[in-house]
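Chemist: Chains A and B, in that order, give the protein sequences.
Counting with the working numbering, you get residues 58 to 329 for the letters of the first sequence.
Counting with the working numbering, you get residues 58 to 329 for the letters of the second sequence.
Check each hint, because a few of them may be wrong.
[Said to hold, decoys possible] Non-contacting residues of chain A with respect to chain B, defined by C-beta distances greater than 12 angstroms in every case (computed):
no., residue
1, Val76
2, Ala89
3, Gly165
4, Ala167
5, Asp204
6, Gln225
7, Pro240
8, Pro266
9, Ile282
10, Arg286
11, Ser306
12, Gln314
[To be verified] Among the chain B residues that face chain A by a calculated CB cut under 7 angstroms, a handful are:
no., residue
13, Asp204
14, Pro240
15, Ser311
Hints listed in this document are in silico derivations from the structure and should not be mistaken for laboratory results.
Computed from a predicted model, the values in this text were never measured in an experiment.
All residues carry an ideal CB built from backbone N, CA and C; glycine is no exception.
Protein chains: 2
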Amino acid sequence: MSDLSRLCIHTATTKPWSVEIAIEQYARAGVAGITVWRDALSDRDPAAVGRRIRDAGLEAVSLCRGGFFAAVERETRRRAVEENLRAVEEAAALGAPVVVLVCGADSGQALETSRRQIVEGIGAISARAREAGVRLAVEPLHPMYADEKSAISTMQSANDICDEISAQNVGVAVDVYHIWWDPNAPAEIRRCGAAGRLFAFHVCDWRVPTGDLLLDRALMGEGCIDVPRFRRIVEESGFEGYHEVEIFSTRYWSMDQSNYLDQIIEAYRRQV
Amino acid sequence: MSDLSRLCIHTATTKPWSVEIAIEQYARAGVAGITVWRDALSDRDPAAVGRRIRDAGLEAVSLCRGGFFAAVERETRRRAVEENLRAVEEAAALGAPVVVLVCGADSGQALETSRRQIVEGIGAISARAREAGVRLAVEPLHPMYADEKSAISTMQSANDICDEISAQNVGVAVDVYHIWWDPNAPAEIRRCGAAGRLFAFHVCDWRVPTGDLLLDRALMGEGCIDVPRFRRIVEESGFEGYHEVEIFSTRYWSMDQSNYLDQIIEAYRRQV
């Protein structure tokens, strides 16, 4: 049984709720942290949202998400860098110490090219992020997203990218959904921890069978991922941060979100 | 432009056709090889199907598919070994020198346990396969199938399993669809070739966006996989066998299969 002092929930998990309702409901339920998705901010002042988070007794854990640095067109890459600099400013204003990066891929070019552009893109924002007190967390995504979302599919690849960039504020977000299948993941998580680069830990579960590539994630304990094992590995590797529940699920988004929040908390207590 | 002397098609690619029609149509179109799926054999005498293949001037390339060795229940594993021994006999009768193995996974247990059971299962059939002149090709499957279909998700994992089993007739089937995203794949294909274990090469393409986890494979050239690059890598690694077109696609299965066969051949000539 986990207590709730390290439970964080992503606004995208309870997507039907506005960020204001999410803050209120998470706080009332005893959740400790919130990761804010940029679409939940829309026209709001991030500093005001940050104050509301702290006033509710919550901590802003991360801003999701920057990235998408890879593109065939140079102009698209330039705009991505600008957009990521805006995300860094938003995170700083919000008081979130981390921006999670879904690094991108462009199916019109080789993955190696996308990876080189990712290194360049992160390199173009890391100094400004450091000045702003913001860390950047490269999130390896499941290989089923290698066509359009992330040329970084494994912990090994994320570690290699971080080695290449070699900036103290550039590290990795570990999400069990993306890496559970990989026999190299435990060793690469340890490598990541040893380098001081374990910046975030996301949990959910892999539903069996999975009906949709994007929107059929499961609650912890419903699927086949041994979440407590990965929690143990990240914590043995030095991670002391939040356990962030990030679930995209049309079936859960169609539920009453208060009931769903109860289920999330129950699943977190028993299965993380 | 590739000529057709090394083009092989899987019966599952033109699934609406019976094996008899597939043989006739492939031969008429100048295709050189056929890989027979076990469901296409159903009640038929495999030796008779083998004669029909050779009489049509085709070569039987592989039998698809054995495997599914991993299971929580011991009795299920025992039955899987029996079923695989039947597959070996069928391949021998058919005159197909290779049985492709989709090794299995059981989401009710750790992947490591499934992998150990796979080693045991292959170990239980490899000697009989050798006597029958049949090679066994472990096919690593895309990580999106790690829940129920294959605990072997990468070339590295397939090579490791083969090292562990260490039988001359146990090797690997490389399918671009499953491994294209993996930065380690080229080096692991070379490792596989150096060990004399490259037994099969399957091609198709990854559609962008992919609408279904199973049945939305694309023709070569339609998606984002650099198929000629992988052909070059396997051939530089010593592979001299067929290029096998294996496409599961509800959209292509709903087409007139003769027109589809023309498209396959066109895509093969230009994109492999």
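Chemist: Minimum Cβ separation between Val76 (chain A) and chain B greater than 12 angstroms?
Modeler: holds, 29 angstroms
Chemist: Run the C-beta distances from Ile282 (chain A) to all of chain B and say if the shortest one exceeds 12 angstroms.
Modeler: At about 9 angstroms from chain B, Ile282 (chain A) fails to clear the 12 angstroms cut-off, so the statement is violated.
Chemist: When you look at the beta carbon of Asp204 (chain A), is every beta carbon of chain B farther off than 12 angstroms?
Modeler: The claim breaks: Asp204 (chain A) does not keep its Cβ more than 12 angstroms from every Cβ of chain B (closest is about 5 angstroms).
Chemist: Should the label of Gly165 (chain A) as a non-interface residue stand, given a Cβ cut-off of 12 angstroms to chain B?
Modeler: violated, 8 angstroms
Chemist: Does the claim that Ala167 (chain A) lies outside the interface with chain B hold up, using a Cβ gap greater than 12 angstroms?
Modeler: Check fails; 7 angstroms does not lie beyond 12 angstroms.
Chemist: Quick check on the hint: Asp204 (chain B) CB to chain A CB, less than 7 angstroms?
Modeler: Cβ of Asp204 (chain B) sits 5 angstroms from chain A, so the hint holds.
Chemist: Does Arg286 (chain A) sit more than 12 angstroms from chain B, CB to CB?
Modeler: violated, 8 angstroms
Chemist: Does the claim that Ala89 (chain A) lies outside the interface with chain B hold up, using a Cβ gap greater than 12 angstroms?
Modeler: holds, 30 angstroms
Chemist: Is it correct that the beta-carbon of Pro266 (chain A) has no partner in chain B closer than or equal to 12 angstroms?
Modeler: Pro266 (chain A) is in fact no farther than 12 angstroms from some Cβ atom of chain B, at 7 angstroms.
Chemist: At 12 angstroms, judged by beta carbons, does Gln314 (chain A) keep clear of chain B as stated?
Modeler: For Gln314 (chain A), whose nearest Cβ neighbour in chain B is about 27 angstroms away, the distance exceeds 12 angstroms, so it holds.
Chemist: Is the Cβ of Ser306 (chain A) more than 12 angstroms away from each Cβ in chain B?
Modeler: The claim holds: Ser306 (chain A) sits with its nearest Cβ about 16 angstroms from chain B, beyond 12 angstroms.
Chemist: Taking 12 angstroms as the cut and beta carbons as the points, is Gln225 (chain A) off the interface with chain B?
Modeler: For Gln225 (chain A), whose nearest Cβ neighbour in chain B is about 25 angstroms away, the distance exceeds 12 angstroms, so it holds.
Figure legend: structure checked against the earlier numbered hints; hints not met, in rising order: 3, 4, 5, 7, 8, 9, 10 and 15.
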